[in-house]
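Chains as they are written, first to last, in our numbering: chain A, 1 to 448; chain B, 1 to 227.
To be clear, the hints were calculated from the coordinates, so they are not data collected in a lab.
Fair warning: there could be bad hints in the mix.
[Said to hold, decoys possible] Only pairs whose alpha carbons sit at most 25 Å apart, straight line, appear in this in silico DMTMM-like list of lysine to aspartate or glutamate:
#1 B:Lys16 / A:Glu85
#2 B:Lys16 / A:Glu216
#3 B:Lys54 / B:Glu197
[Stated by the list, open to error] Listed below are several chain B residues computed to face chain A (Cβ distance under 7 Å; list not exhaustive):
#4 Gly63
#5 Glu82
#6 Tyr98
#7 Ile120
[Said to hold, decoys possible] Derived list of chain B stretches under chain A, where covered just means 3 residues or more per stretch with a C-beta under 8 Å from a C-beta of chain A:
#8 3-16
#9 31-43
#10 51-61
#11 99-105
#12 138-148
#13 154-166
#14 207-220
Remember, predicted model here, so these are calculated numbers, not experimental data.
Where a beta carbon is used, it is the ideal one built from N, C-alpha and C, also for glycine.
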Amino acid sequence: MNRHDAKGIPHTTPRQSATFTQDINSDIRRAAATGIYDIRGGGAKRKVPSFDDLLFMGASISRYPLEGYREKCETSVTIGGLHAENPIELDIPITIAGMSFGALSGPAKEALGRGASAAGTSTTTGDGGMTPEERGHSTKLVYQYLPSRYGMNPDDLRKADAIEIVVGQGAKPGGGGMLLGQKISDRVAEMRNLPKGIDQRSACRHPDWTGPDDLEIKILELREITGWKVPIYVKVAGARPYYDTTLAIKAGADAVVLDGMQGGTAATQDVFIEHVGQPTLAIVRPAVQALQDLGMHRKVQLILSGGIRSGADVAKAMALGADAVAIGTAALIALGDNDPKWESEYNALGTTAGAYDDWHEGQDPAGITTQDPELMARFDPIEGGRRLRNYLKVMTLEAQTIARACGKNHLHNLEPEDLVALTMEAAAMAKVPLAGTDWYPGKPNTSY
Amino acid sequence: MQTIDLTEIGLRETNKTLHAQSADTNQTAWEIVNPRGSHAIACGLDAPIEVTVKGSTGYYCAGMNQQATVNIHGSAGPGTGENIMSGKIVIEGDASQYLGATGHGGLIVVKGNASSRCGISMKGVNIVVQGSVGHMSAFMGQSGNLVVCGDAGDALGDSCYEARFFVRGTVKSLGADCEKKEMRPEHIEILKGLLDEAGIDANPSEFTRYGSARNLYNFDVDNAGAY
Chain A
1 MNRHDAKGIP HTTPRQSATF TQDINSDIRR AAATGIYDIR GGGAKRKVPS FDDLLFMGAS
61 ISRYPLEGYR EKCETSVTIG GLHAENPIEL DIPITIAGMS FGALSGPAKE ALGRGASAAG
121 TSTTTGDGGM TPEERGHSTK LVYQYLPSRY GMNPDDLRKA DAIEIVVGQG AKPGGGGMLL
181 GQKISDRVAE MRNLPKGIDQ RSACRHPDWT GPDDLEIKIL ELREITGWKV PIYVKVAGAR
241 PYYDTTLAIK AGADAVVLDG MQGGTAATQD VFIEHVGQPT LAIVRPAVQA LQDLGMHRKV
301 QLILSGGIRS GADVAKAMAL GADAVAIGTA ALIALGDNDP KWESEYNALG TTAGAYDDWH
361 EGQDPAGITT QDPELMARFD PIEGGRRLRN YLKVMTLEAQ TIARACGKNH LHNLEPEDLV
421 ALTMEAAAMA KVPLAGTDWY PGKPNTSY
Chain B
1 MQTIDLTEIG LRETNKTLHA QSADTNQTAW EIVNPRGSHA IACGLDAPIE VTVKGSTGYY
61 CAGMNQQATV NIHGSAGPGT GENIMSGKIV IEGDASQYLG ATGHGGLIVV KGNASSRCGI
121 SMKGVNIVVQ GSVGHMSAFM GQSGNLVVCG DAGDALGDSC YEARFFVRGT VKSLGADCEK
181 KEMRPEHIEI LKGLLDEAGI DANPSEFTRY GSARNLYNFD VDNAGAY
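Construct all of the structure, not just a fragment, from the sequences and the given hints.
Written as structure tokens, this is what we have:
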């Protein structure tokens with residue numbers, strides 16, 4: 001490169017803008033070429049304060065640990081004991097989040113059921129109703145009650161082990177959904193009572209209730225229809241966790257499912273995913289505070305989701321007061337989503353393994369987020385179920401390892417006092433001290 | 001005729017008693033007295049029984065109904081007959097908002113008027129209203145028929161799919177992607193059948209049909225102003 005111009009004056013180094021980055025510029029060019037915003041699947045990809053910013057302190061002279069492989073560290077959790085005749089008993093506190101048949105293939109839903117059942121936990125339907133293969137392969141199945149009510153019928157409702165009223169999801173608090181026409185196979189169309197091949201919009205609000213007072217009556221109706229037998233969860237996005245948790249409990253929920261912005265979606269606008277909602281780390285403590293203020297902590301269960309990936313995340317969620325977690329994206333990766341073995345096909349789609357998020361287009365090389373029979377055939381639900389079971393077992397073992405190191409004989413005995421934060425942001429959000437200090441940012445006059 | 005005093009035995013016992021009726025029950029006629037506007041009365045029924053509620057009801061009466069006939073001798077609260085699958089609901093008075101929301105099948109008849117969002121997201125249910133309906137009726141209606149013998153409020157059939165709307169009076173305004181349609185002989189037949197089934201005496205030829213213009217079925221940026 002010429003370092004001087006003809007007169008001998010030096011050039012400055014070409015400098016990329018921190019504001020107009022290559023990524024941003026590609027967004028602008030895409031928008032200019034198409035006239036429509038970018039739609040994609042998954043959760044927030046931006047870096048946000050997260051569980052990675054927390055560390056456990058482990059045992060010391062004042063806290064003694066439990067022996068790995070010898071001393072018991074319980075992992076079971078009961079969800080919905082407050083009002084339901086038949087609460088859900090899970091062996092591990094890691095559940096599978098709601099993902100729709102439609103967004104996922106039938107075999108992928110089957111694999112989620114197989115894996116969850118083998119690991120002793122529950123799986124969840126999604127926006128599209130309950131499929132027989134999913135019900136058949138899930139020992140504990142949570143039925144999502146969504147604004148669209150696609151595929152909603154009382155027979156399936158009565159077959160469910162729990163009902164989850166979905167108010168919002170972390171990827172898009174306040175947003176509905178869209179299943180594009182190319183994924184609407186005959187079977188998906190029939191289940192949703194819509195013509196084949198058209199875009200299916202999922203409503204953002206429930207059609208027959210608005211606000212907390214109505215929600216209480218809706219919960220009453222669902223309980224009456226199911227004879228007060230099964231727990232009723234309320235799922236909210238991480239928007240206003242203190243108030244949403246408070247209102248859900250007052251409306252009579254047995255459990256609150258709280259989903260942070262790293263939680264995935266089948267498809268929505270990228271701008272929505274990246275700019276609406278709060279990080280999972282930021283929403284736990286306000287929700288737990290709401291439970292405690294109402295005297296309902298451990299009576300109404302808190303299920304946390306949004307970017308949970310490992311046993312460390314599970315343990316941190318528990319330490320901050322959650323009763324259980326839910327995984328979605330991580331479960332899909334365990335099944336084989338975004339696997340580098342399909343790299344050449346990801347390249348052909350203009351992406352790379354790990355970054356593929358155009359799940360709504362139905363061309364998933366891994367055969368999971370598709371309704372294309374040829375692509376679907378690549379995915380073996382038995383093998384997928386085995387992989388998911390393995391992954392759930394590993395997460396559980398990891399969480400137990402940490403809990404034992406902290407001297408806890410149940411994951412639920414982990415507590416905020418076991419944690420420190422690496423950053424001031426994480427310390428303020430998690431309400432734990434900054435590592436190496438007795439400083440709780442944002443909390444006046446506190447110390448150990 | 002079996003009579004249940006709802007105020008005396010409570011909602012849970014009332015619904016439990018009705019839910020206990022099987023397909024071959026010989027106790028097919030039930031009467032509920034003193035409903036006092038309670039919510040969720042006779043919801044989740046699934047037997048060929050006839051239940052008459054003597055008075056007005058709160059939210060979600062006859063919600064998710066299957067097979068049963070539910071008569072409301074009064075007015076009905078919000079979400080009555082929501083997600084009805086089959087059977088019949090007859091409301092002698094007026095119906096509040098979200099009547100028959102997301103209903104998949106069956107018939108709902110209103111002798112009075114129905115409020116806003118009547119038939120919202122309807123998925124196959126037939127609704128016949130002898131009076132008028134409020135705004136945003138049949139919003140996102142997917143399939144089934146909404147018959148209005150009076151007038152319809154603002155934004156009828158907004159963002160609808162394949163549901164059909166028959167209105168005898170005026171329509172204050174049509175919602176996005178809803179348009180006036182030709183009334184062909186097959187539609188007269190459908191409407192005649194619905195009016196007969198509802199027991200309402202009206203001349204089908206006086207009605208106008210509305211339905212989806214199908215312009216918003218697949219996203220097109222040039223339609224962005226309509227969303």
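So, going through the hints one by one against the coordinates:
| no. | hint | verdict |
| --- | --- | --- |
| 1 | B:Lys16 / A:Glu85 | holds (15 Å) |
| 2 | B:Lys16 / A:Glu216 | holds (20 Å) |
| 3 | B:Lys54 / B:Glu197 | holds (22 Å) |
| 4 | Gly63 | holds (5 Å) |
| 5 | Glu82 | holds (5 Å) |
| 6 | Tyr98 | holds (4 Å) |
| 7 | Ile120 | holds (4 Å) |
| 8 | 3-16 | holds (count 4) |
| 9 | 31-43 | holds (count 3) |
| 10 | 51-61 | holds (count 3) |
| 11 | 99-105 | holds (count 3) |
| 12 | 138-148 | holds (count 4) |
| 13 | 154-166 | holds (count 3) |
| 14 | 207-220 | holds (count 3) |
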